[in-house]
Each structure stands twice: as structure tokens, then as C-alpha cells.
Amino acid sequence: MSTLTEAPPPLAPGAPEPKPPKRRGRFTPYWLLLPGILWLVVFFALPMIYQASTSVQTGSLEEGYKVTWHFAAYWDALSAYWPQFVRSVLYAGTATILCLLLGYPLAYLIAFRAGRWRNLIMILVIAPFFTSFLIRTLAWKTILADGGPVVGALNTLHVLDVTDWLGMTAGDRVLATPLAVVCGLTYNFLPFMILPLYTSLERIDGRLHEAAGDLYARPSTTFRKVTFPLSMPGVVSGTLLTFIPAAGDYVNADLLGSTDTRMVGNVIQTQFLRVLDYPTAAALSFILMAAILLMVTLYIRRSGTEDLV
Amino acid sequence: MPFVNWLKRNLVVLAGLLTLGYLLLPNVVVTVFSFNKPKGRFNYEWQQFSLDAWKDPCGVSGLCDSLSLSLQIAFWATLGATLLGTLIAFALVRYRFRARGAVNSLIFLPMAMPEVVMAASLLTLFLNMGAQLGFWTILIAHIMFCLSFVVTAVKARVMSMDPKLEEAARDLYAGPFQTFVRVTLPIAAPGIAAGALLAFALSFDDFIITNFNAGSTVTFPMFVWGSAQRGTPVQINVIGTTMFVVAVLFVLVSMIAGNRRNRHKA
Numbered sequence: 001m002s003t004l005t006e007a008p009p010p011l012a013p014g015a016p017e018p019k020p021p022k023r024r025g026r027f028t029p030y031w032l033l034l035p036g037i038l039w040l041v042v043f044f045a046l047p048m049i050y051q052a053s054t055s056v057q058t059g060s061l062e063e064g065y066k067v068t069w070h071f072a073a074y075w076d077a078l079s080a081y082w083p084q085f086v087r088s089v090l091y092a093g094t095a096t097i098l099c100l101l102l103g104y105p106l107a108y109l110i111a112f113r114a115g116r117w118r119n120l121i122m123i124l125v126i127a128p129f130f131t132s133f134l135i136r137t138l139a140w141k142t143i144l145a146d147g148g149p150v151v152g153a154l155n156t157l158h159v160l161d162v163t164d165w166l167g168m169t170a171g172d173r174v175l176a177t178p179l180a181v182v183c184g185l186t187y188n189f190l191p192f193m194i195l196p197l198y199t200s201l202e203r204i205d206g207r208l209h210e211a212a213g214d215l216y217a218r219p220s221t222t223f224r225k226v227t228f229p230l231s232m233p234g235v236v237s238g239t240l241l242t243f244i245p246a247a248g249d250y251v252n253a254d255l256l257g258s259t260d261t262r263m264v265g266n267v268i269q270t271q272f273l274r275v276l277d278y279p280t281a282a283a284l285s286f287i288l289m290a291a292i293l294l295m296v297t298l299y300i301r302r303s304g305t306e307d308l309v
Numbered sequence: 001m002p003f004v005n006w007l008k009r010n011l012v013v014l015a016g017l018l019t020l021g022y023l024l025l026p027n028v029v030v031t032v033f034s035f036n037k038p039k040g041r042f043n044y045e046w047q048q049f050s051l052d053a054w055k056d057p058c059g060v061s062g063l064c065d066s067l068s069l070s071l072q073i074a075f076w077a078t079l080g081a082t083l084l085g086t087l088i089a090f091a092l093v094r095y096r097f098r099a100r101g102a103v104n105s106l107i108f109l110p111m112a113m114p115e116v117v118m119a120a121s122l123l124t125l126f127l128n129m130g131a132q133l134g135f136w137t138i139l140i141a142h143i144m145f146c147l148s149f150v151v152t153a154v155k156a157r158v159m160s161m162d163p164k165l166e167e168a169a170r171d172l173y174a175g176p177f178q179t180f181v182r183v184t185l186p187i188a189a190p191g192i193a194a195g196a197l198l199a200f201a202l203s204f205d206d207f208i209i210t211n212f213n214a215g216s217t218v219t220f221p222m223f224v225w226g227s228a229q230r231g232t233p234v235q236i237n238v239i240g241t242t243m244f245v246v247a248v249l250f251v252l253v254s255m256i257a258g259n260r261r262n263r264h265k266a
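For the record, the sequence lines run as chains A and B.
The opening position of the first sequence corresponds to residue 1 in full-length UniProt numbering, with each subsequent residue numbered one higher.
The opening position of the second sequence corresponds to residue 1 in full-length UniProt numbering, with each subsequent residue numbered one higher.
It is worth saying that the hints were derived from the structure and are not from the lab.
These numbers come from a predicted model, not from an experiment.
Glycine included, every Cβ here is placed at the ideal spot set by N, Cα and C.
Some clues are possibly wrong.
To be verified - Have a look at the derived ranges for each label pair, beta carbon to beta carbon:
1. L230/A / V245/B: 31 to 39 Å
2. D260/A / D56/B: 33 to 41 Å
3. I204/A / N104/B: 22 to 30 Å
4. T58/A / M129/B: 18 to 26 Å
5. A145/A / C58/B: 44 to 52 Å
6. R261/B / Y30/A: 43 to 51 Å
7. K39/B / D205/A: 28 to 36 Å
8. V245/B / R116/A: 21 to 29 Å
9. D260/A / Y22/B: 19 to 27 Å
Said to hold, decoys possible - Covered by chain A, per the in silico footprint, the following chain B stretches (three or more residues, Cβ under 8 Å):
10. 86-94
11. 225-235
Claimed, not checked - Not everything, but these chain A residues come out facing chain B in the computed CB check (under 8 Å):
12. F43
13. L98
14. L100
15. L102
16. G115
17. N119
18. A281
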């Protein structure tokens, strides 16, 4: 398992790769690539094109659909479902920030303070991956149940008053409110934040901390000026790995939320599998894809030029 | 104030352990509720201790069928994705060729795409082709989204390999095939194993993409999804608990075995 954690985070935006040495056998790489790339072209790239074409079709399920370059489908979809889009970005954004706040201490603990417990903690972070995430999400129903200990404690601490005021909860309930959905999203995508953070923290040379201490930096200053900036690649890939799947998720909103917490994913799922309105569903999922690609590009550019320096 | 100082020094540790608790809390709940005897169809409230579900894990119709289907799909998807992914990883690390950038983006995009988008687009393809949704469409989809993760895991390992070892093998008159089987493959094995393990976990647990492309076929995550509406049998918690324990044991054993091998080397 240790090899799994040694692998760099899947998203390493802009990281330069070392040039491989030149080899003999001009066609060998192409033969090696052919089967896998063919698979991705046929079952990943081609479907995207099909979906693009579906999104500009009109017609009905009975009579069949035709490409009519009906771009208004995008406008209709957006004007009908903009609240779900806004909600997706808000929920996924909140969950990502919470993941960063919760995940950083744990990644730091594993990288610098765990000692011989390191492997065990690592296993405990990864093992839930192997238990069905649906079962674990359903367990949150039990944890957040009405009148349960969590709701009781939050009530006593007057946390629910604050979240109620923020519109995150409704009265004494947590289940079927935005808070429950955000809690589920945070929980489900937390490992995707911890692993890249850990990988980049672990690469930091411990002597840099000593050097900072020798130069009379307080621990908090060392963290602010040395540790955190050096962990930025992990922060960037961690936030991306959390935000993207969270924005498209519909399982948490469905199991822990209500009709008032539906996200884009829920709409796409319903349109595709129940309403069978393929053009609208295709347009929605294209808008989601474009929005995410745009946000990711802006974010990488920003974090690459300003925050990384 | 020694206590305040201690707290200050160990604040990170405490916060980290709290997060770990947050991560493991659902697993604890799943385990505890696998020993519950619920009154109604739903297993959300604690009623009384019982071993019934553990004695009869297949007692719910359809549950074990879906479980065995998921295991089969995960097995074949792992095999397919690991094979195709390892070939791609070797090509990317070991050779310089045109279209390298394009191949890299094609590998990267499926990981950066929300699952619903991939799921929906794949369904449009299958609908257009008139394909029968079921075992094969699920398998095709699973190989597709596991592939990138395998490539990333294997690539990391192959990249850190010392090419001198293979040169040494050739200097000792090993043929290309012999070099590959006796030197290259054993060194790359941990990366390939990590990729395969990841693929298995991803395939076994996938719900979103399967939900779109399964037709009326029911995998284990889909069974759980359906049960959330109809009433969750306790047996689901039994299986969840078993999976967690097996995963932890498997990782512990492989880690101990790995440590022992390293010690032998040293």
C-alpha cells in the first residue's frame, strides 16, 4: 500500500516531466499505446462528441431526435436550472474549504508527527476507500438523525442557531438540509484532499524547519513562511480533486438532502434516466463540464503565478 | 501553564486525530449497526443486539448476486485496465514520440471530469449504437475510468527506476525478453500492484457511472442505492464491515511482507 501513497497526486498541473531518453524502435511506443488509447478514444472522447451533438438536437423520444443546431437548449437549461448550478458550486466550494481545513492537520500529522504510527494512520485513511461509499453515506443518516446525539450537541452549543440563520439548517433538523449534504460531501472527498497534501508535505526537507528555527522563526512563522508555501502543489491538486467530483456528485444530495438541496448532478441524472429528455440533460452536462474546466484553468493560472511565488 | 503549553505543542496532533475520527465514524456506525435487529424495514435506529445478519449474510434476495456480479466486474476491469494502463505507462516513460502531449491530456482528462458527465456521455454513445445495456457496457465503462489511474500509478514507479539496472542486465548478455521479465517487471511490480489495487477499489465501489450504463443489471452499489429507498437490510452493514476489515488486513499483511523483503535486502 505504501506504493500507492508514494505515487504523486493524479492532478499535478503544470509539473514539468523529465524528458525520456531516445530509444530505438520507431514504432514500438505506438504499438504499446494503441490498445489503451483506442479504448479512451472510443469510450471517452467519442461519447463527448456524441453528447455535444445530442445537446443541439430537437425531437421527441417517440419520433427520434435530429440535429437542428438548437443552441437555445443551453439557454433553456441554464435558465431553468441555474439555482442547482449555483448550489453545486456553493456546496462543493464549502466542502472543499472544509476538507482543506480538516485535512491539513491530519496530513501534517502523518508527514511529521506520526512516527511509527504513520503506516497505521495511512491505512485508516485509505481503507474506507474499499468499503462501499454508499453504505458509509447512509451511515450519516444514522449519525445525523433527528434527536440524535449530534443534533442534540449542536443544539446545546447553539451551532444550529447560527447555521439556521445562514440557511444551512432548518429548525432542529440537520438531515435533509444543506448542512447534511455539505457534511456528506466533505466526508466523502476528504481522502482526495489528504493524500496529495501528504505527498507534498512529505517531500519537504526537515532541515528547512530547523533552519527556520535557527533564524528565530516562531513555529507559526515557520508554518506560514516555509511549510505552507512549499505544500502549495498539494493544496492545489487537493482542492481540484475535491471540488471537481463534489460539484458533479448527486449521491450525497439525494441520500442526505431533500428536494431543496438538489445539485446539477441530480438534475442530469433525473433528466437522463427518468424524464428521458436527452438534449436537456446533454446540454446541462456540457455546461457543467465547461464551467468546471473554466474554473480549473483560472484557478491553476492564479495559483501558478501569484500564490506559488 | 504547562497544560496550555502542551496543548499548543500538540494542537496539530489533536486536530489531525479529530479528522481521523470524522473519517472513521461512519465505519464504526456501520459495524455497530451490523449487530442490530431493526423493527421496520430501515436500519437507522438502534433496537437490540443480534447476530442474525452475521449468521445469514445472503438472507436478502439479490444481495449476494449483486455482490458476486460486482466482484466479477471488478476482477475483469482490473485485469483490462492494468494491462492497457501498464503498456501506456511504459510507452510514456520510456519513449519519446510525437503526440506525447496529446496522449498525456487524454490520460489526464477522465480524472478531471465529473463522473456524471462521463456517465451521461457514455450512455449517449451506447444509446446511439443501440447497445444492450448490462454486464458488457458496465465492464467497458469501468475499464475506461480505471485506465488513467493505473497509468498514473505505474508511471510514477517506472519513472523512478534506474535504467542502469537494465543496461547491466544487457551487459550480462540477457536478451530483451529476459531483461524485461527478470529485471524490468519485478522492479515495476509494486507500481503495477498499486494501480491494480486502485482499479479494483474504484470499479467495485463505482456507482454513478454504473447507474447510467447498467440498464437493469444490479451491481452491489446499485443494490445499496435501491435499498436506501426500499429499506436497508442489516446484511448490507455486515458486508460493509467485512469489506473494511478485509481491506485493513490485506494492507497490513502486504505491508509486513514488504518490510520483511526490504530487511532481507539490507
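Outcome of the hint check:
no.: 1; hint: L230/A / V245/B: 31 to 39 Å; in the structure: holds, 37 Å
no.: 2; hint: D260/A / D56/B: 33 to 41 Å; in the structure: holds, 39 Å
no.: 3; hint: I204/A / N104/B: 22 to 30 Å; in the structure: holds, 27 Å
no.: 4; hint: T58/A / M129/B: 18 to 26 Å; in the structure: holds, 21 Å
no.: 5; hint: A145/A / C58/B: 44 to 52 Å; in the structure: violated, 28 Å
no.: 6; hint: R261/B / Y30/A: 43 to 51 Å; in the structure: violated, 36 Å
no.: 7; hint: K39/B / D205/A: 28 to 36 Å; in the structure: violated, 59 Å
no.: 8; hint: V245/B / R116/A: 21 to 29 Å; in the structure: holds, 22 Å
no.: 9; hint: D260/A / Y22/B: 19 to 27 Å; in the structure: holds, 25 Å
no.: 10; hint: 86-94; in the structure: holds (count 7)
no.: 11; hint: 225-235; in the structure: holds (count 3)
no.: 12; hint: F43; in the structure: holds, 4 Å
no.: 13; hint: L98; in the structure: violated, 10 Å
no.: 14; hint: L100; in the structure: violated, 11 Å
no.: 15; hint: L102; in the structure: holds, 5 Å
no.: 16; hint: G115; in the structure: violated, 11 Å
no.: 17; hint: N119; in the structure: holds, 6 Å
no.: 18; hint: A281; in the structure: holds, 6 Å
Violated hints, in rising order: 5, 6, 7, 13, 14, 16; the structure is consistent with all others.
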